[in-house]
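Participant: These are the residues of each chain, in order.
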Amino acid sequence: MARLVLRRLALLIPTLLGLSILLFLWVRALPGGPATALLGERATPEAVARINELYGFDRPILEQYVTWIGELVRGNFGVSTRTGVPVMEEFLARFPATIELTVVALLIAIGVGIPLGYVAARHQGRALDHGTVVLSLLGVTIPVFFLAFLLKYLFAVQLGWFPSAGRIDPSMIATHPTGFYVLDGLLTREWDASWDALLHLVLPAVALGSIPLAIIARITRASVIEVQGADYVRTARAKGLRPPRLRRRVVIRNAMLPVATTIGLQVGLLLSGAVLTETVFAFNGIGSFLAEAIFALDYAVLQGFILFVAVVYALANLAVDVSYGLIDPRMRAR
Amino acid sequence: MTTEPAAQDVVRQTVPRGPRTPREPDDAGASLWRVAARRLRRNPGAIVGAVIVLLFVLVALLAPVLAPYGAGALPGRAEIRPTVIPGPSDAFPLGLDRYGADLLSQLIWGARASLLIGILSTVLGLLGGALLGLLAGAFGGWVDTVTMRLVDLMLSVPSLLLAVSVAAVIGQTPSAIIIAIGVVQVPIFARLLRGSMLAQRDQDYVLAASSLGLGRRTVVMSHILPNSLSPVIVQATLMLATAVIEAAALSFLGLGGGSPTSAEWGRMLTAAQNELEVAPRLAMWPGVCIAVTALGFTLFGEALREALDPKTRKR
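Protein chains in written order, with the numbering used here: chain E, 21 to 354; chain P, 1441 to 1755.
Okay, chain E solo, but in the shape it has when bound:
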């Protein structure tokens, strides 16, 4: 298992190197070059020359790349042209919010999606099954930001059950040692802060979790139906395995393999969806930060974000492969 993890981590290096080359060339391919991107269209030639000298854009391209990579390795993603704060600092301050949101969204998706898909498969062809199929179809076709709108309008504006924006009530005085607001409240015993942060999480997390939920329910349903009809299940039943034990040990265990892969694939969707959901709910994570960076054409942030997300994405996929080994003994042997 340790070897698998190490090998996969090693494979990450060429991917990131390749990506960094693309990103490096990308900024240099900008119309007017990076200096114009930094200064805007109406920059004077003197200012452009000064920036080129300051950032080393006048040096040989290979030298520039090596310098840039050296900085990246040390965690220096450059400075946001919009806020003047190092990009990495901005990310680290906002990342807990996005992690909190995506983790809760994923938990909702798994917690509802798997049972739903399983129950649908057990009642194949009946109303409940048809309902699940329709629901999972709607889940993938309703844009996540539109669903966020609907939830916000219904449950925040109309019914007033949940707050409509932000991570925590602005009047709430709370300390944040970790940046995960729900966790912070529990750690510092500020229960009301924790509860308030949780209430703020519900609507964005449900909106964000809708697509993965639909996909997970659908894959679970298909997988359970396939395993139910497999020869080895019939054999196990013929050998006298009691149905509850059969379902637990044979059907669910085998049916979960494709589901585990699917869950891993959702990480990319969740990160993309977070950009949209955070925007709708003014949830101050890296997603809404990226949306603001787009408006301001803040290339340092965009560039850093892509690399950052690629690393997170790759690590998430690695985690899925590891969990695969835990579910399937055959994978462990390799």
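No lab work stands behind these hints: they were computed from the structure. There's no promise every hint is true.
Said to hold, decoys possible - Residues on chain P that point at chain E, a partial pick, calculated with CB under 10 Å:
#1 Pro1666
#2 Leu1669
#3 Pro1671
To be verified - DEER-style ranges, computed between Cβ atoms:
#4 P:Gly1580 to E:Leu37: 22 to 30 Å
#5 P:Gly1580 to E:Leu335: 30 to 38 Å
#6 E:Leu155 to P:Ile1673: 23 to 31 Å
#7 P:Met1661 to E:Arg269: 50 to 58 Å
#8 E:Pro65 to P:Met1661: 47 to 55 Å
Here a beta-carbon is modelled for each residue, glycine too, at the ideal position from N, C-alpha and C.
For this one, chain E is given, so just place chain P on it according to the hints.
Facilitator: Frame of chain E; chain P shown alone:
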């Protein structure tokens, strides 16, 4: 090769055939696409999907005839007050938006913009991806390695985020969204076509074609490629749904230029964001349009996949 008819005869004689319903025509001998068309016609999902898609395409094509007002026209500007956005009336069937544009007209012109972006970007992604996939699948060797590494690289970033950064670089023009969404589809199509071609390469008919002395180009272009296309076509249909949603997402995020009054579903949702408490219908209609269009493409794509899948055939 000469043993093949004989083998088929044996199968025919020994395998008992189940009773056939009279409505079920024999699939044997019919072409792949003819069988698929027949199966599509019998699938209610396919029909619903096709009707939705056709409806929206018609609306988009006939926008100048159907829309009561021109794109971007503000016929009701005089009726807008800071706290009042008039709802449905005789003159404006779905009401006005914040700027005084007729919502129904905006939706109809929006169908044109959204479908055009969705279709053009998918065509772009399909062509680019098919070209890369064809290169990799036909040549193999280092061409394959380089192409597939590039594909892996592009797939190492979630597609919407890649599209966001591509569109941001191109600048604030509507074509930025088309190009961005097309670009992120390229690796998906490339990988799919290559995989599909590799699966065909070892088939007997390819061996037969080569042994007849056909050149490699002929074998690839007229034998392997046509037989590898069906998963690509299915994917393209499903991708249209994704493209429409992602296009809306990009313009919702403020990419692709255009003013707040431009008739484009995603942009309409952005504008509606501030009016959620005053006029929720402004968000409702464009959202429903996006979802229903995506639903149409998805239903049809799924049905097409089922119809072309040999595993679910003859059911």
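Participant: Please go over all the hints and tell whether each is borne out by the structure.
Facilitator: Here is how each hint holds up against the structure:
{"no.": "1", "hint": "Pro1666", "in the structure": "30 Å, violated"}
{"no.": "2", "hint": "Leu1669", "in the structure": "24 Å, violated"}
{"no.": "3", "hint": "Pro1671", "in the structure": "18 Å, violated"}
{"no.": "4", "hint": "P:Gly1580 to E:Leu37: 22 to 30 Å", "in the structure": "25 Å, holds"}
{"no.": "5", "hint": "P:Gly1580 to E:Leu335: 30 to 38 Å", "in the structure": "32 Å, holds"}
{"no.": "6", "hint": "E:Leu155 to P:Ile1673: 23 to 31 Å", "in the structure": "28 Å, holds"}
{"no.": "7", "hint": "P:Met1661 to E:Arg269: 50 to 58 Å", "in the structure": "52 Å, holds"}
{"no.": "8", "hint": "E:Pro65 to P:Met1661: 47 to 55 Å", "in the structure": "52 Å, holds"}
Going down the numbered hints, you'll see the structure goes against 1, 2 and 3, while the others check out.
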